[in-house]
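**Student:** Those protein sequences? They're chains A and B, same order as listed.
Under the numbering used here, the residues of the first sequence are numbered 3 to 175, in order.
Under the numbering used here, the residues of the second sequence are numbered 51 to 227, in order.
One or more of the hints may lead you astray.
Restraint ranges, calculated between C-beta atoms of paired labels, are given here [unchecked claim]: (1) B:S92 with A:D35: 43 to 53 Å; (2) A:R73 with B:S92: 21 to 31 Å; (3) B:A163 with A:R55: 37 to 47 Å; (4) A:N66 with B:E82: 16 to 26 Å; (5) B:A73 with A:V51: 49 to 59 Å; (6) A:R14 with B:R147: 46 to 56 Å; (7) B:A69 with A:R14: 37 to 47 Å.
Keep in mind that the hints were calculated from the coordinates and are not lab data.
No experiment lies behind these values; they were computed from the predicted model shown.
Note that the Cβ used here is the ideal one computed from N, Cα and C, for glycine as well.
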Amino acid sequence: MNLLQYERLVHRHQHRVYGLCFYLLGNREEAEDVTQEVLIRLWRHRDDVDEARLPGWILRVTRNACIDALRRRKAYRGMVVSDPDGIERAAGPGRLPDEQAASSLFQEHLQQALKKVTEPYRSILILREIQEMKYEEISAVMNLPINTVKVYLHRGRKTLRTLLSEVLPREFT
Amino acid sequence: MNLPDPSSDAMASAAWMEARIEAYLDDDLPAEERAHFERRLSTETWADQLALAEQIRAGLHRLPAPLCPAPVTQAAIRTARRETWADWRGRLTTIWRPALAMTVLLIMVLSAALFGGRATPNPPNDMAVQRALTEVKWTLAYLSQVGRETGVSVRRDVLDPYFTPPPSRYPEPKKSQ
């Protein structure tokens, strides 16, 4: 892989890597640091990575780097960090303006609940529901069989439902 | 088929429903289970749970996928460029530079072998030799004049062993007028 090919790959995968970091870490600055670290790691392992398997590889590396970052700050279980407005400030591609502006109480609760979901359910929820990836792609990222991914996704959704049932007033449901 | 036993208790039945809400929304339930599930949805509790599950999915889809800030990718690409340059510089130092020195040395040796001759001493300068010969002649003439005036001369047989004729390849000095 030469420098031009690398730049092309960076531009192709940057938003997905950053998005995963952002939701796993819940912190913009840390997400930027880890994204940069992952992109540099891609350059340093350019000869080891088959381009066909690159999407799975890069998100697997991203997830591992995020988990390392969470371990480093000793807040893996909590994952409740400062930057509550981060998601609102972050621009989203392909979203309508009124959708971007929508910040309902339900969305607030949903984001908080997502932060409380443990691994690996949280990663799978992010990859499937926010990044809209296929089961096969998630399976490659998580290094899990597809059926296991489906089971974990169900568990993650159920956890979210349980968490939201506890906090939401009745009129939301 | 895995339908709950009608004789089973409410808790087991609730667990059966709970386990199938997500599968129902994914449309993954077999027809018979789906029909059974839909019959149970008539109760308010399960209708609320299903509505919440749908709302969560919609809410997750509405969460923005944040864009990676440009400085992050620029910094990564800058690092890659810097490392590329350092890599080339390292190769130049470890391989190319000695190779270049060897090539230059080889060219010098070949040039010397092809175009260089054996070094020979320069022939004596003609002017200096002539001046020396002239001085020798005048010295000899002076000695001859002294011998004639005093009547003393050296016998030939005494002189011959010490006499070395001058080299013939140098021209005789011109006689002065």
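**Student:** Against this structure, judge whether each hint is valid.
**Tutor:** Here's how the hints hold up against the structure:
1. B:S92 with A:D35: 43 to 53 Å: holds, 52 Å
2. A:R73 with B:S92: 21 to 31 Å: Roughly 48 Å apart at Cβ, these two residues miss the hinted range, so it is violated.
3. B:A163 with A:R55: 37 to 47 Å: At 57 Å between Cβs, range violated.
4. A:N66 with B:E82: 16 to 26 Å: violated, 43 Å
5. B:A73 with A:V51: 49 to 59 Å: violated, 36 Å
6. A:R14 with B:R147: 46 to 56 Å: Check failed, 38 Å falls outside 46 to 56 Å.
7. B:A69 with A:R14: 37 to 47 Å: Holds, at about 39 Å.
Going down the numbered hints, you'll see the structure goes against 2, 3, 4, 5, 6, while the others check out.
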